[in-house]
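Asks: Residues per chain, in single letters:
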Amino acid sequence: MSFQTNNPVIKWVEYRLPIFSFLHHSLVEYPTPRNFNIWYQFGSIAGIILVVQIVTGIVLAMHYTPHVDYAFDSVEHIMRDVNYGWLIRYMHANGASMFFIAVYIHIFRGLYYGSYKAPRELLWMIGLVILLLMMATAFMGYVLPWGQMSFWGATVITNLFSAVPLVGEQIVTWLWGGFSVDNATLNRFYSLHYLLPFVLVGLVVLHLWALHHHGSNNPLGIDAKAPGDKIPFHPYYTVKDLLGFALFGLFFAVFLFYLPNALGHPDNYIPADPLVTPAHIVPEWYFLPFYAILRSVPDKLGGVVLMFGSIFILFLLPWLDTSRVRSAKFRPIYKQFFWIFVIATLALGWAGSQPAEGMALIIARVGTIYYFVHFLVIMPLLGWFERPKPLPKSIAESVLGGGGQAAGAPASPARGKA
Amino acid sequence: MMVRFSVLAAAAALAATVATPVLAAGEAVELKSRDWPHSGIVGTYQRDSVQRGMQVYKEVCAACHSLRFISFRNLVQIGFTEEQAKAIAAEFEVPADPNEDGDTFDSDGARLMRPAALFDTFPSPFPNDIAARAANGGALPPDLSLMVKARPNGENYMYSLLTGYEDPPADFEMAEGMNYNAYFPGHQIAMAAPLFDEGVEYADGTPATVEQMAYDVTNFLAWAAEPNLEDRHRIGLRVVIFLVILSFLLYATKRKVWADLH
Amino acid sequence: MSAMTPESNHGEDGVKRRDFLYISTAAFGGAGVVAAAWPFVHQMNPSADVLALSSTEVDLSGIEVGQSLTVVWRGKPVFIRHRTPEEIEEARADDAADLPDPQTDAERVIKPEWLVVVGVCTHLGCVPLGQAGDFGGWFCPCHGSHYDTSARIRIGPAPENLIVPPYEFTADTQILIG
Chain F
1 MSFQTNNPVI KWVEYRLPIF SFLHHSLVEY PTPRNFNIWY QFGSIAGIIL VVQIVTGIVL
61 AMHYTPHVDY AFDSVEHIMR DVNYGWLIRY MHANGASMFF IAVYIHIFRG LYYGSYKAPR
121 ELLWMIGLVI LLLMMATAFM GYVLPWGQMS FWGATVITNL FSAVPLVGEQ IVTWLWGGFS
181 VDNATLNRFY SLHYLLPFVL VGLVVLHLWA LHHHGSNNPL GIDAKAPGDK IPFHPYYTVK
241 DLLGFALFGL FFAVFLFYLP NALGHPDNYI PADPLVTPAH IVPEWYFLPF YAILRSVPDK
301 LGGVVLMFGS IFILFLLPWL DTSRVRSAKF RPIYKQFFWI FVIATLALGW AGSQPAEGMA
361 LIIARVGTIY YFVHFLVIMP LLGWFERPKP LPKSIAESVL GGGGQAAGAP ASPARGKA
Chain E
1001 MMVRFSVLAA AAALAATVAT PVLAAGEAVE LKSRDWPHSG IVGTYQRDSV QRGMQVYKEV
1061 CAACHSLRFI SFRNLVQIGF TEEQAKAIAA EFEVPADPNE DGDTFDSDGA RLMRPAALFD
1121 TFPSPFPNDI AARAANGGAL PPDLSLMVKA RPNGENYMYS LLTGYEDPPA DFEMAEGMNY
1181 NAYFPGHQIA MAAPLFDEGV EYADGTPATV EQMAYDVTNF LAWAAEPNLE DRHRIGLRVV
1241 IFLVILSFLL YATKRKVWAD LH
Chain G
2001 MSAMTPESNH GEDGVKRRDF LYISTAAFGG AGVVAAAWPF VHQMNPSADV LALSSTEVDL
2061 SGIEVGQSLT VVWRGKPVFI RHRTPEEIEE ARADDAADLP DPQTDAERVI KPEWLVVVGV
2121 CTHLGCVPLG QAGDFGGWFC PCHGSHYDTS ARIRIGPAPE NLIVPPYEFT ADTQILIG
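Residue numbers (this note's numbering), protein chains in the order written: chain F, 1 to 418; chain E, 1001 to 1262; chain G, 2001 to 2178.
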C-alpha cells in the first residue's frame, strides 16, 4: 500500500523532499470510514469552490480598478467588453453564495454527527476561523463593485464597530481611513479581499492536517477500529467526490447561467451615491441570520455583542455538549432539537430579509433566544438527561450487516450502552 | 429584496414561498406582466422589437436619459449592420478633442463637437448632473444602461411604469410638478408621461401605440442591461447537458468502483 | 447481481466493460476541463473596447516637407514623415544596397512623399530617434540600430525594417491607420 515508484526522477525528488509519499498518503492511502453519506461531500465541494473563487478572482483583478471613480465602470467593462468577462464575474459572484451553501451544509453536518467532539475540537475551531475569514472576505468583496448596496452595506457593517465603548468612533475612522466610506476604504478592502483567500488556503491545510491526524468522523460517530471499517480514499472517495462536484456543479450552473442575479440585489446595479440610502438595506443572504440577531436587540452594543457571540459560541460547543455519544443518530432527543435549531436558523434568515418590524421582529427575537438557549442550556443538559440508543460495535458491522437479514444478526437487540 | 429571498428559500428547500410584489412605500402593487422573449432557458432578444426600442430611446428617452455603457458598435449585436450603426452614431455629436490650436471651445464659447463614431458611447444629453437637474426641475434623469437590472422584476416594472400614467385618485394629494403613476413607488414621479400614441413612426409600419413602444423600449433596455444574455443561455445549455452526462458517467463509475466492497 | 453470472465469463467481460467506462468518463471529464479553461485564457486577449479603438484617422495637411508627426495607434507611436525629395531619392538609391531585410522603397509607401511606419524598433521594442544615425533615418539608442530614410534596418541588432502599418488615404491629405 505504501508509496513505491521506479521512476528515477520521482525517486530523486522523493529522497530529498518526500512530497510524493506525503501526497500518496493523504490522497490515495488515507484510510476513510466506509460509511460516509451525501452530507460528507460538502467539505471537498467547499474546497473546490475556494479554488474556483481564487482563480476567477485573480482573473477579475486583471480587469478591475479599485477607485471610487472607476470601480463601478470597470465592473461593467468586465461584463460587456472583456472576453467571457460576464461568465467569470457571474461565476465569482455566485461562487461566493455556493461557497456559503457548501460550508453551511458542512457545518450543520458537523453539528448533527458530533464532528466537533474529542479529539476533533481543534479541527472544528479551525473550521470556524475559516468561516469568520470567509465572511470578512465575502463582505469586502461585495463592496468592490461600488454599487448602492456595496456602499451602504460597507457603511452599516463598519458602523457596527462604533458600538465598542470608548474607542468605537476611532476604530471606525481607522477602518475607513477617513470620515466616511470612501476611496481609502475601497482600496484597503480590495487589498484584503485579495489577501484573505490565500490565508484561507493556509487554514484549509491546517484543517485537513488536523482531520487526517485522527481520521474523519462518520455518520455513526463511533471510532473506526475493526479491520473493515475503513477503506482507502482512492479510488472510493475520489470518484464519489468527483460525482459530488459534478452534481453540485449542475446546481451552480443553474444559478450561474439562468439566475445570475437572483442571489444579488438590484440596487447594486445603481452606482454608489453617498447622499442617498436605499429604502431597504439587506446584506447578502448568507449574513441574514446574523443580521436578524443584530436587529433583534434594541440596544446598539447589545446587538453587536450578540451577533458576534452567535459565532463565538460555536467555539465553545465541544465543551457545551456534554454527551458522550457523537452522532445524533443515537441521540433521539438531540436529533429533534437539532432540527428545531435548523428551523430557527432559517427563520432568522427570513426575518433578516424583512424590515425589522411586526411579525419579522417577533420571529427574529424568538429565533435569537432559541439560538442561544440551544447552545447554552439544551446542549449541556441533554448530555445528562438523554439516554442514547445502543451503538453498533463497528462501522463494518453496521454497514454490511444492517442492510439485509445477513450475518450480523447476533449484534442487534441487546447491546451494551455507550 | 423579496425576489432574491424567495430564490434563497427555494434553494434551501424551504417551503415558504412568498409572492413577489414590488414594495411601493410600504404597499404592494401588482405589476403588469408580459412574456419577454429573452426569458426562459433558450430565450433570445427579439431583434425587430429591440431595434424599434432603440428608435424609441433615440427619439424619446435620449432627450433626458443617458445610456453611457452602450457604444454604437454594440448596435451590431442587435441586428444592425455596421453601416447602419455608423449612420446612427453620426446623428449624435460628442465633444471633440482639442483642435490644432489646443482649443476645445470656439470663439463664441461653444464646445467644439464632432460626429460620434462606432467606438463612442451614446452621449449624455447634459454636460453634468447639475445641469441635468437644473433642466428637469431638480430631478435627475437616471442613466438607463442598467435600469432593467437595477429594479426588482425589471422588465415588468419598466413596462408597467411606462404604461402606468393615469389621473390621480380624487383624494390623492399631488406635489407641485409631479405626475401620478400607478407603479412608481409613492406614485409621484417627476418624469412626465413620455409616450403617446404615434409618438414615433416605426420604419417597419408597426402601429406605435403606447403599449407597443413601452414593450419595444423595454426589450431594448433589457438588452442594454444584459447584452451577454444570449451567450449566457447558449453556453449554459451546453454546460448543463455536459454536466448531466458527466454525472451519469461518474455515477456509473462510482457504482462499479464500489461494487467490490459489498 | 454479479453472483448470477458465471465466474469465468464475468471476469474478462467485466474488466473490459469497466475499463471502457473508466476511460470514457475520464476522457469526457477531461474534455470539459479543457473547454472550461478557454474563457480563462481568452479573457487576457484584447477586449471589445480595445479592438474598437484599433483605427486612427490623421490629418496630414499641417505637416510641412521635412517635418514628422508622431501619432498613437493601438498604444504605439506611428511616425508620419513628409519626406524631402533628397530623402526619397536616397531611399530609392539604397534599394540596391545590401539590406538585412530587403524591401524596395516603393513597397513601403503609398505616396512617396509620405512615409508611415510604426515607431517601434524591431529589436526589443524601444522608440527610435528621428533623423539620426548613420543613414539619415532613425537611430535606436537602446542597442544601436540604424534605419535609413525608408526606415529600413541597415546596421545593428534589429532583424527587420520598421513595420508599415495598414493604412489608406481617405482624402488627399488624410489617412486612416488600422
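No lab work stands behind these hints, which were simulated from the structure alone. Some clues are possibly wrong.
As the list claims (entries may be wrong) - Across the chosen pairs, the derived CB separations fall in these ranges:
1. V366(F) / D1197(E): 22 to 30 angstroms
2. I311(F) / C2126(G): 37 to 45 angstroms
3. F2020(G) / F3(F): 42 to 50 angstroms
4. D1260(E) / G358(F): 55 to 63 angstroms
5. D273(F) / G2075(G): 46 to 54 angstroms
6. A2048(G) / G228(F): 18 to 26 angstroms
7. V342(F) / D1260(E): 34 to 42 angstroms
8. G2178(G) / A279(F): 42 to 50 angstroms
9. I2163(G) / A279(F): 25 to 33 angstroms
10. G2144(G) / N1099(E): 37 to 45 angstroms
11. P2157(G) / D273(F): 51 to 59 angstroms
12. L1261(E) / F22(F): 23 to 31 angstroms
13. G2075(G) / D1101(E): 23 to 31 angstroms
14. P1142(E) / A2048(G): 21 to 29 angstroms
Keep in mind that this is a model prediction, so the values were computed, not measured. Note that beta-carbon positions come from the ideal geometry of N, C-alpha and C, so glycine has one too.
Asks: Each of the hints needs a verdict: does it hold here or not?
Replies: Hints, verified against the model:
| no. | hint | verdict |
| --- | --- | --- |
| 1 | V366(F) / D1197(E): 22 to 30 angstroms | 55 angstroms, violated |
| 2 | I311(F) / C2126(G): 37 to 45 angstroms | 57 angstroms, violated |
| 3 | F2020(G) / F3(F): 42 to 50 angstroms | 29 angstroms, violated |
| 4 | D1260(E) / G358(F): 55 to 63 angstroms | 60 angstroms, holds |
| 5 | D273(F) / G2075(G): 46 to 54 angstroms | 34 angstroms, violated |
| 6 | A2048(G) / G228(F): 18 to 26 angstroms | 60 angstroms, violated |
| 7 | V342(F) / D1260(E): 34 to 42 angstroms | 37 angstroms, holds |
| 8 | G2178(G) / A279(F): 42 to 50 angstroms | 49 angstroms, holds |
| 9 | I2163(G) / A279(F): 25 to 33 angstroms | 58 angstroms, violated |
| 10 | G2144(G) / N1099(E): 37 to 45 angstroms | 39 angstroms, holds |
| 11 | P2157(G) / D273(F): 51 to 59 angstroms | 56 angstroms, holds |
| 12 | L1261(E) / F22(F): 23 to 31 angstroms | 26 angstroms, holds |
| 13 | G2075(G) / D1101(E): 23 to 31 angstroms | 26 angstroms, holds |
| 14 | P1142(E) / A2048(G): 21 to 29 angstroms | 25 angstroms, holds |
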